[in-house]
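Engineer: Sequence:
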Amino acid sequence: MNHADEMYLELCRTILNEANSKDDRTNTGTYSIFGYQMRFNLSEGFPLLTTKKVPFKLIVSELLWFIKGDTNIKYLLEHNNHIWDEWAFEQYVKSADYNGPDMTNFGHRILTDQQFKAQYDEQMSLFQHRILNDDDFADQYGDLGNVYGKQWRAFNGRDGKVVDQLKDVIESIKHTPSSRRHIVSAWNPTEIDSMALPPCHTLFQFYVRDNKLSLQLYQRSADVFLGVPFNIASYALLLHIVALECNLEVGEFVHTMGDAHIYSNHIEQVNTQLERNSFELPNIKIYNFTSFDEVEVEDIELIGYQSHPTIKAPIAV
Numbered sequence: 002m003n004h005a006d007e008m009y010l011e012l013c014r015t016i017l018n019e020a021n022s023k024d025d026r027t028n029t030g031t032y033s034i035f036g037y038q039m040r041f042n043l044s045e046g047f048p049l050l051t052t053k054k055v056p057f058k059l060i061v062s063e064l065l066w067f068i069k070g071d072t073n074i075k076y077l078l079e080h081n082n083h084i085w086d087e088w089a090f091e092q093y094v095k096s097a098d099y100n101g102p103d104m105t106n107f108g109h110r111i112l113t114d115q116q117f118k119a120q121y122d123e124q125m126s127l128f129q130h131r132i133l134n135d136d137d138f139a140d141q142y143g144d145l146g147n148v149y150g151k152q153w154r155a156f157n158g159r160d161g162k163v164v165d166q167l168k169d170v171i172e173s174i175k176h177t178p179s180s181r182r183h184i185v186s187a188w189n190p191t192e193i194d195s196m197a198l199p200p201c202h203t204l205f206q207f208y209v210r211d212n213k214l215s216l217q218l219y220q221r222s223a224d225v226f227l228g229v230p231f232n233i234a235s236y237a238l239l240l241h242i243v244a245l246e247c248n249l250e251v252g253e254f255v256h257t258m259g260d261a262h263i264y265s266n267h268i269e270q271v272n273t274q275l276e277r278n279s280f281e282l283p284n285i286k287i288y289n290f291t292s293f294d295e296v297e298v299e300d301i302e303l304i305g306y307q308s309h310p311t312i313k314a315p316i317a318v
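Every letter in the sequence shown is one number past the one before it in this note's numbering, and letter 290, counting from 1, is 291.
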């Protein structure tokens, strides 16, 4: 068992063995523990789980979307990435401009009502098409508010000052590597209400030692089955990109979670994954690197990835 899958599956076992049932915002129900940490040594391979297929290109395009400071799903749709569609769609169907079938509580209804799911699929397809082809519509309904990219690259600080946190922390790593202030925060209390979803991965910190760059993420809310495999790979990739920018080697990715939970409708899927053995971890290569914020999707290659098949599960919105 490779170290990445081993640590992740141990987290799943811990929740199944120790967690208490807990209500949640989505009314799905979870099994939850509080406070958990995993450590991934990136010299042992890129931590993309192999006990189920994880779609790496979606991780890449989402991370580059954050790095570019973008908050509109149009960029994601242009890269065939649909992981934020439901959040934008939810805002649209709640607006006065929407005049289609009732989409109330669509996240739950599509699981049990096939007739409704057909209506939902049709409305979502129309929504995606308009985002891609109608700039005014995309500006109004494709934007998710002041989510991650906005906070990373244009944090509204004191007296109206706009702070490019990611650029500033990279400069800090380059010029004062021993600093304990290499921190980027996505949690801006004054703007939480302006976000389609308050940030789950709230803060990350870099650390330099022996010419190696490490990164620790604090994640307040961790959807262990669907979200955490993405989060592990995303922040490991961010670490690779920033290390390249700062001419450092990669060290460890440390993943610290607050509320780590498995949704009640993901238990069967988790048990399926726990029965699987792992493959060797892949590696990544980044081509044509000039700057951390000029990397494009096609510049990043995943090498030697072998995995078990995808395990599908519903997302809680």
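I should point out that these hints are in silico values taken from the structure, not numbers from a laboratory.
Be aware that a few hints might be false.
As a list, the in silico DMTMM-like pairs of lysine to aspartate or glutamate whose alpha-carbon atoms are at most 20 Å apart [to be verified]:
| id | residue 1 | residue 2 |
| --- | --- | --- |
| 1 | K95 | D137 |
| 2 | K75 | E253 |
| 3 | K95 | E45 |
| 4 | K213 | E281 |
| 5 | K53 | E91 |
| 6 | K69 | D294 |
| 7 | K75 | E91 |
| 8 | K162 | E45 |
| 9 | K313 | E276 |
| 10 | K313 | D114 |
| 11 | K175 | D211 |
| 12 | K53 | E281 |
| 13 | K69 | D211 |
| 14 | K286 | D260 |
| 15 | K286 | E45 |
| 16 | K53 | D194 |
| 17 | K175 | E253 |
| 18 | K53 | D114 |
| 19 | K168 | D71 |
| 20 | K175 | E295 |
| 21 | K69 | E246 |
| 22 | K168 | E11 |
Engineer: With reference to the structure, classify each hint as holding or not holding.
Structural biologist: Here is what the structure says about each hint:
For the hint linking K95 to D137, the alpha-carbon distance of about 18 Å falls within 20 Å, and the restraint holds. Simply put, K75 and E253 have alpha-carbon atoms about 33 Å apart, too far for the 20 Å limit, and the pair is violated. Taking the CA atoms of K95 and E45, the gap is about 47 Å. The hint is violated against a cut of 20 Å. Straight-line distance between C-alpha atoms of K213 and E281 comes to about 23 Å, which puts the hinted pair past the 20 Å bound.
The hinted pair formed by K53 and E91 fails the criterion: a straight-line CA distance of about 29 Å is larger than 20 Å. For the hint linking K69 to D294, the alpha-carbon distance of about 6 Å falls within 20 Å, and the restraint holds. A threshold of 20 Å between alpha carbons decides the hint, and for K75 with E91 the separation of about 15 Å falls inside it, so the pair holds. With a C-alpha separation of about 41 Å, the suggested pairing of K162 with E45 is violated against the 20 Å cut-off.
Of the supplied pair hints, the one linking K313 and E276 holds, its CA atoms being roughly 16 Å apart against a limit of 20 Å. Proximity of K313 to D114 is assessed by CA-CA distance (about 18 Å); at most 20 Å being required, the pair is judged to hold. Distance hint between K175 and D211 is fulfilled; the C-alpha atoms sit about 14 Å from each other, no more than 20 Å. For the given pair, K53 sits about 13 Å from E281 by alpha-carbon distance, which is consistent with the 20 Å threshold.
Annotation: proposed proximity of K69 to D211 is violated, straight-line Cα distance about 30 Å (limit 20 Å). Distance restraint check for K286 and D260: the Cα-Cα separation of roughly 33 Å exceeds the 20 Å cut-off, and the hinted pair is therefore not satisfied. For the hint linking K286 to E45, the alpha-carbon distance of about 14 Å falls within 20 Å, and the restraint holds. This hinted pair does not check out: K53 and D194 have alpha carbons roughly 35 Å apart, beyond 20 Å.
Restraint check for K175 and E253: the C-alpha separation of about 18 Å stays at or below 20 Å, so the hint holds. For the suggested pair K53 and D114, the alpha carbons sit about 28 Å apart, so the restraint of at most 20 Å is broken. This hinted pair checks out: K168 and D71 have alpha carbons roughly 15 Å apart, not beyond 20 Å. Taking the CA atoms of K175 and E295, the gap is near 18 Å; set against the 20 Å cutoff, the hint holds.
Taking the CA atoms of K69 and E246, the gap is about 15 Å. The hint holds against a cut of 20 Å. With a C-alpha separation of about 35 Å, the suggested pairing of K168 with E11 is violated against the 20 Å cut-off.
Violated hints, listed in ascending order, are 2, 3, 4, 5, 8, 13, 14, 16, 18, 22; each of the other numbered hints is respected by the structure.
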